[in-house]
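**Student:** Sequence:
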Amino acid sequence: MSGLLHGLKVADLSIVTAGAASTQVLADFGADVVKVEGGTRPDLYRMGFTGDKGGSSDLSFPPFRVANRNKRGLAVDLKTPEGHEIARRLIAQSDVVVENFRRGAIERLGLGFRELAAIRPDIVLVSISSQGATGPRRGFTSFGITLDSLGGIQSLSGYDADTPTWSSGRINYPDQTANSLAPAVILAAVMASRADGQARWVDMSQRETVTSLLGEYILATSLGAPDPQPDANNAPGAPGWVSRCRGADEWIAVSLETPADRSRLAGVVGADTGDDDALRRATDAWAESRDRDAAAAELRAAGLAAAPVVSGHELLDDPDLNARGWWQSVDLPDGGTERQRGPVVRFAENAPLVRSRAPHVGEHTAEVLAELDYTAAEIDDLLARGVVSHPQTTTRN
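Just so you know, we're using the numbering used here here: the sequence shown kicks off at 1 and counts up by one.
I should point out that these hints are in silico values taken from the structure, not numbers from a laboratory.
C-beta: ideal position from N, C-alpha, C; glycine also.
You may find that some hints are simply not true.
[To be verified] Here are the simulated distance ranges between beta carbons:
#, residue 1, residue 2, range
1, Thr221, Asp122, 38 to 44 angstroms
2, Glu378, Gln176, 39 to 45 angstroms
3, Asp203, Pro81, 35 to 41 angstroms
4, Glu85, Gln176, 35 to 41 angstroms
5, Thr375, Leu315, 46 to 52 angstroms
6, Gly274, Asp249, 43 to 49 angstroms
7, Asp227, Pro81, 26 to 32 angstroms
All chains should be modelled from the sequences, with the hints used to inform the complete structure.
**Tutor:** Now the structure itself:
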């Protein structure tokens, strides 16, 4: 089933994760995704934004390798007339163009929605930006921490009202919400365009994807309720928290949905069936003398929703993830393999999804240009003049 989207062609002009991880999902399921970069100004995510995060290779940053697997790399200077013509030929053969530049940049390149529709009347342009293509803040460039703030979620995430907390660079919640939603939206737009032959422009604001997930809180305040406040791990009306167990950095999580759950937990930890604060204190005291897995098992045996808080290395060995074939073995650029995250959805048991590692800058330049009907002599000329580029180690038959 990894060929589910075989035949779908995507010109991927996006950078970092909001766009790149969206097209990675399409590539995983068989779409032909061509990652378009400048030879001298490639995706800044390759090296972890700034500096060298692990090596001198343009594939040294592990998150980049994940977000760009199964893609082909084309390096071209879009600001030259010849580079612009290459982009036009690529777009003419593509179903989808994805970009997440600052608003106005794609138009300045002469590749705005009207220009793309003139090249291919049923094209789908997907623009993933900070604030969207319209509105007074359309020109804003944002990163995770500012999107958490403007989207409203940072008013809810934190330990208390005095310490609003960002989802962090490791999670970067705004990017993950956008790239989880975008693949489905892209396919919906493709279906619509194929049905009537009309071009579609998908205008995705990352800020709006964050705010859309706060609907019930916004509704409550619109009806006169006070603004909700950060409350650490305490869920309103249905307490849930983590308690520290014996050992280094070991925790259990427990969720209480009903009064009966509270009574069951009180029976296990030896607490009075008092308020939730007292019950939490008793659970903390009970847990700190127990091993994490044993404590979680004891709570589950009492009919409670409880689980250990697992770490990354434990996930690699997780029996469920391994039994389902979720971890994907991917070649490393210098030999060997690594394990990468699996599919966002599953269509068949243990279906392999990774066909190739992420490309070096321009690794498939000659291959893609040949498919665009450039002759070998023309490709050599473009390479010689720096209009396009490929790695020095790349050879061409």
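**Student:** Determine for every hint whether it applies to the structure shown.
**Tutor:** Hints and how they fare:
Between Thr221 and Asp122 the Cβ separation comes to about 42 angstroms, which falls inside the hinted range of 38 to 44 angstroms. For Glu378 paired with Gln176, a C-beta distance near 41 angstroms keeps the hint of 39 to 45 angstroms intact. Distance hint for Asp203 and Pro81: a CB-CB separation of about 29 angstroms, inconsistent with the stated range 35 to 41 angstroms. Range check, Glu85 to Gln176: Cβ separation about 36 angstroms, and the 35 to 41 angstroms hint holds.
For Thr375 and Leu315, the hinted distance range of 46 to 52 angstroms is satisfied, since their beta carbons lie about 49 angstroms from each other. In this structure the supplied range 43 to 49 angstroms is violated for Gly274 paired with Asp249, their Cβ-Cβ distance being about 29 angstroms. For the hinted restraint 26 to 32 angstroms between Asp227 and Pro81, the CB-CB distance of approximately 54 angstroms leaves it violated.
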